[in-house]
Amino acid sequence: MDVELRDVHKTFGAVHANVGINLHVPAGTIQGILGENGAGKSTLMKVLSGFIRANQGQILLDNRPVIIHSPADAIRHGIGMLHQDPLDFPPMRLIDNFVLGHEGGLFPNRTTAARDFTLLASQFGFSLDPDAYVDALTVGERQQLEILRLLWLGARALIFDEPTTGISAAQKEKLFSALRLLAEQGKTVLFVSHKLEDVEGLCHRVAVLRQGHLVGETKHPYTTEKLVEMMFGKAISVGERNPCAGCEPTLSLHNFSAEDYRLKVRDVSLEVCSGEVIGLAGMEGSGQGLFLRSVCGLVRAVDGRISLHGKNLTGRSYHAFKRAGTAFLPAARLEEGLAAGLDLTEHFVLAEKPSGFFVNWEESRQLAQSRIAAFNIRGTPVSTVESLSGGNQQRALLALLRVPLNLLLLEHPTRGLDIESAIDIWSKLKERCKQGTSILFISSDLEEILQYSDRVLVFFSGKVTPPLEAAALTTEALGQLIGGKGWEDFALGKGA
Amino acid sequence: MKKKIWVNIAFQVGALVLALLSTTLLLLAAGAPPFQAYAAILKGAFGSAGSLETLLITWSPLLLTTAGVLITFSAGLWNIGVEGQMAMGAIFTTWMLRLLQETSLPPALTIVLGILAGIVGGALWAGLAGALKTFGGVNEIFGGLGLNFVSTALTIYLVFGPWKRPGVGSMSGTEPFDRSLWLPTLPDTELSLWSLTLSLLALVIIIVLLRGTHFGLRLKAVGKNPKSAFLMGVPTWQYSMLAFLLCGALVGLAGAIQVTGVYHRLLPNISSGYGFLGLLVSMLVNYQAVWVAPVAFFFAAVNVGSIQLQLMYKLDSSFSGVMQSLLVLLVLLGEGARQRFLRKH
Chain V
1 MDVELRDVHK
11 TFGAVHANVG
21 INLHVPAGTI
31 QGILGENGAG
41 KSTLMKVLSG
51 FIRANQGQIL
61 LDNRPVIIHS
71 PADAIRHGIG
81 MLHQDPLDFP
91 PMRLIDNFVL
101 GHEGGLFPNR
111 TTAARDFTLL
121 ASQFGFSLDP
131 DAYVDALTVG
141 ERQQLEILRL
151 LWLGARALIF
161 DEPTTGISAA
171 QKEKLFSALR
181 LLAEQGKTVL
191 FVSHKLEDVE
201 GLCHRVAVLR
211 QGHLVGETKH
221 PYTTEKLVEM
231 MFGKAISVGE
241 RNPCAGCEPT
251 LSLHNFSAED
261 YRLKVRDVSL
271 EVCSGEVIGL
281 AGMEGSGQGL
291 FLRSVCGLVR
301 AVDGRISLHG
311 KNLTGRSYHA
321 FKRAGTAFLP
331 AARLEEGLAA
341 GLDLTEHFVL
351 AEKPSGFFVN
361 WEESRQLAQS
371 RIAAFNIRGT
381 PVSTVESLSG
391 GNQQRALLAL
401 LRVPLNLLLL
411 EHPTRGLDIE
421 SAIDIWSKLK
431 ERCKQGTSIL
441 FISSDLEEIL
451 QYSDRVLVFF
461 SGKVTPPLEA
471 AALTTEALGQ
481 LIGGKGWEDF
491 ALGKGA
Chain X
1 MKKKIWVNIA
11 FQVGALVLAL
21 LSTTLLLLAA
31 GAPPFQAYAA
41 ILKGAFGSAG
51 SLETLLITWS
61 PLLLTTAGVL
71 ITFSAGLWNI
81 GVEGQMAMGA
91 IFTTWMLRLL
101 QETSLPPALT
111 IVLGILAGIV
121 GGALWAGLAG
131 ALKTFGGVNE
141 IFGGLGLNFV
151 STALTIYLVF
161 GPWKRPGVGS
171 MSGTEPFDRS
181 LWLPTLPDTE
191 LSLWSLTLSL
201 LALVIIIVLL
211 RGTHFGLRLK
221 AVGKNPKSAF
231 LMGVPTWQYS
241 MLAFLLCGAL
251 VGLAGAIQVT
261 GVYHRLLPNI
271 SSGYGFLGLL
281 VSMLVNYQAV
291 WVAPVAFFFA
301 AVNVGSIQLQ
311 LMYKLDSSFS
321 GVMQSLLVLL
331 VLLGEGARQR
341 FLRKH
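Each protein sequence line maps, in turn, to chains V and X. Every letter in the first sequence is one number past the one before it in this note's numbering, and letter 435, counting from 1, is 435. Every letter in the second sequence is one number past the one before it in this note's numbering, and letter 113, counting from 1, is 113.
Read the hints as simulated data drawn from the structure, not as lab findings. Heads up, some of the hints might be wrong.
Unchecked claim - Calculated cross-link-like contacts (lysine to any residue; reagent style SDA-like; alpha-carbon spacing at most 25 Å):
(1) V:353 with V:365
(2) X:344 with V:19
(3) X:227 with V:323
(4) X:224 with V:89
(5) X:227 with V:329
(6) X:224 with V:285
(7) X:224 with V:401
(8) X:227 with V:352
(9) X:344 with V:66
(10) X:227 with V:259
(11) V:172 with V:285
(12) V:353 with X:224
(13) V:219 with V:24
(14) X:227 with V:260
(15) V:428 with V:471
(16) X:227 with V:390
(17) X:344 with V:84
(18) X:227 with V:331
(19) X:224 with V:73
(20) X:3 with V:352
(21) X:3 with V:384
(22) X:4 with V:299
(23) X:344 with V:384
(24) X:4 with V:490
(25) X:4 with V:387
(26) X:344 with V:172
(27) V:322 with X:4
(28) X:344 with V:380
(29) X:227 with V:9
(30) X:224 with V:9
(31) X:227 with V:299
(32) X:224 with V:357
(33) X:227 with V:298
(34) X:344 with V:298
Stated by the list, open to error - If you want a taste of the chain X side facing chain V, the calculated C-beta under 7 Å gives, among others:
(35) 212
(36) 213
(37) 224
(38) 231
Keep in mind it's a predicted model, so treat the numbers as computed, not measured. From the three backbone atoms N, C-alpha and C, an ideal C-beta is built for every residue, glycine too.
For reference, chain V alone in the conformation it holds in the complex (with noise of 0.2 Å):
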């Protein structure tokens, strides 16, 4: 489908996120959308797909001016979107999520959906069970299941945002394949992202955000300097990676194991330096996640010991391995990190350890107002922590933790994050590390594993290398070891 945009503006109170938008994408395109966080990408497709209205402006579908009134309405003209976080209903089947918003009548046709669902799947190499439940499912096949039901229920044109976050290498592949398959049969894709990478080995064309301009638009082949130019305006390098100063054990691990009710690891056996920071590679839900949370207690541990400077903490509580100095980041920022409806006051006030009764709320102003400062957060005081933008939230966890830490756990730290916000918070981990944190982080990209960790554990369906050198290896070998080949190489002992 032929899609075009003319002249669209999108205002929210004094922020004019989307300025004049002009962009037109013939049928059978992958059309990339570039920029930062706050660029405006996702609120130009959310126009476009009917979540929000434009102040002004034209939609032209096919070259007939059309007015989409709500995401029902866009899915009429053959507009479906994928968000960032699925949009899903976790505790019900695939099937029925599937037979969800189709206009069916009062009873779904179960058998006919479910024939449709296999034969759809089939044509796109998914391998989705359709009395599964959704929970069961990781992000990627999530993903997937929400680009069967956009395609079943007649989308022609499908925005992706941000759909590469939080999937694993091969479901990446997948994905990749899956909207070439979409563009040959003269489907519209529109790709929204900030990873070059994808960005260049995907999009026939990209058209770059910035502060709510259309900056520029190019075809392939691309150079990336251009690109990050344009994205923003000026070109920038990532930082070095700063060795860690003499090892002292901060957080030790004797053959630790922990299990859910999928997946056991199994035997893990670590000493982590003072001021180190180890990088957890895998497929999502290949066990990292599950020693992440075991290691501050968050699930209990089945077997081997754990001990930090020296005190044995093994099958005690979060809250002791909190006190021990241990601080746990989810990557669900508003879900497990922030309470939505608090401001950043509020927050700082509970993050601290409590001294007497009650709040000096006078002080507790003055410290939020010296934290933002300092973390360079985009809010106020009273700013409640929903209104702030992701890589703001980000930034916000990271000023919330108390000051001197021993152990500092991170799931996907600069997830959904642009690269500048994701330097910036690196820099302040480092920051961290030279006061004696330590860090344990997941990541699903492989560079900034690589960039970032001194050591690195690769996780494979419960297996867990040991430590391996990050200095040592390229994104070729950890993608391997990712992808469970080349574990010969290790005396695993039982494995999983």
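Go by the hints and put chain X onto chain V.
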């Protein structure tokens, strides 16, 4: 910014006008002349020293139930079981007074122990709802609703069974206590300064607790997002339980006051809807504790004043409840409309 304030005021005033309008229509439908009816309510509530006295007597238990419900609301809990908790407070107080009235204990001490027993009774009953939620996974709305029925059944059993009046049990309740076990009242009135002071004091404590302390803030965090609160180091289920216990204690105190200060015995319907009315008040003030006192006062006035409607126009006494509910409903509706409006503009 300034425009936003005017929008807020416009929507709030609009909701109030709408509430007044719909009440007027209801009065017309019921065959009562609306303006005379409003005048009658006002006169009924404020017309004489006696009516003002009744108003204050109605006000104090409402203050207590509202204050209690505010705590559970802050913790994100819908404590529908307040009615039962109040009844349980009354039962425990009656039980303690019955136990001690034959002993040589000084009456003042007996009263104090009776009130304490009421506080404990309310807290226990609320704690049960909390435990059902925390350890049994029973939603507090269902648990509270169930426990309300149990407490009603228990009250009726006691009034008609073991604690019945000599002869035959009746809806008028148990045998009244001796005058020495009544809360002291102002001369020539039934108004007890003790109950009024206790209620206001409890409200002030709750306001300070919720607004100014770490406890209040942590409770609020648990209410807004228990997962995040837990990760920030708040022991979440303990805080939920504490919220239930505190609420139950306050509501139990309300029950104790009804026994020692107002009815001087146990009645089948001792909670008389104060618990639910407290829920309405706290919803209306949008959890802003400072507004509790005036709004509860207004609700009490409507309650007391509308007795006149019954006398003059044969309107059922439940009419006051209809008016109060309409008001809350329309104000909440106005708030929803305001947020929609602000999102669009």
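Comparing the hints with the structure gives:
| no. | hint | in the structure |
| --- | --- | --- |
| 1 | V:353 with V:365 | holds (16 Å) |
| 2 | X:344 with V:19 | holds (19 Å) |
| 3 | X:227 with V:323 | holds (18 Å) |
| 4 | X:224 with V:89 | holds (22 Å) |
| 5 | X:227 with V:329 | holds (12 Å) |
| 6 | X:224 with V:285 | violated (29 Å) |
| 7 | X:224 with V:401 | holds (20 Å) |
| 8 | X:227 with V:352 | holds (17 Å) |
| 9 | X:344 with V:66 | holds (21 Å) |
| 10 | X:227 with V:259 | holds (21 Å) |
| 11 | V:172 with V:285 | holds (15 Å) |
| 12 | V:353 with X:224 | holds (20 Å) |
| 13 | V:219 with V:24 | holds (13 Å) |
| 14 | X:227 with V:260 | holds (19 Å) |
| 15 | V:428 with V:471 | holds (22 Å) |
| 16 | X:227 with V:390 | holds (19 Å) |
| 17 | X:344 with V:84 | holds (24 Å) |
| 18 | X:227 with V:331 | holds (13 Å) |
| 19 | X:224 with V:73 | violated (33 Å) |
| 20 | X:3 with V:352 | violated (37 Å) |
| 21 | X:3 with V:384 | holds (21 Å) |
| 22 | X:4 with V:299 | violated (46 Å) |
| 23 | X:344 with V:384 | holds (19 Å) |
| 24 | X:4 with V:490 | violated (65 Å) |
| 25 | X:4 with V:387 | holds (17 Å) |
| 26 | X:344 with V:172 | violated (37 Å) |
| 27 | V:322 with X:4 | violated (42 Å) |
| 28 | X:344 with V:380 | holds (23 Å) |
| 29 | X:227 with V:9 | violated (38 Å) |
| 30 | X:224 with V:9 | violated (35 Å) |
| 31 | X:227 with V:299 | holds (14 Å) |
| 32 | X:224 with V:357 | holds (21 Å) |
| 33 | X:227 with V:298 | holds (11 Å) |
| 34 | X:344 with V:298 | violated (41 Å) |
| 35 | 212 | holds (5 Å) |
| 36 | 213 | holds (5 Å) |
| 37 | 224 | holds (4 Å) |
| 38 | 231 | holds (6 Å) |
Violation of the numbered hints given earlier is confined to hints 6, 19, 20, 22, 24, 26, 27, 29, 30, 34; the remaining hints are satisfied by the structure.
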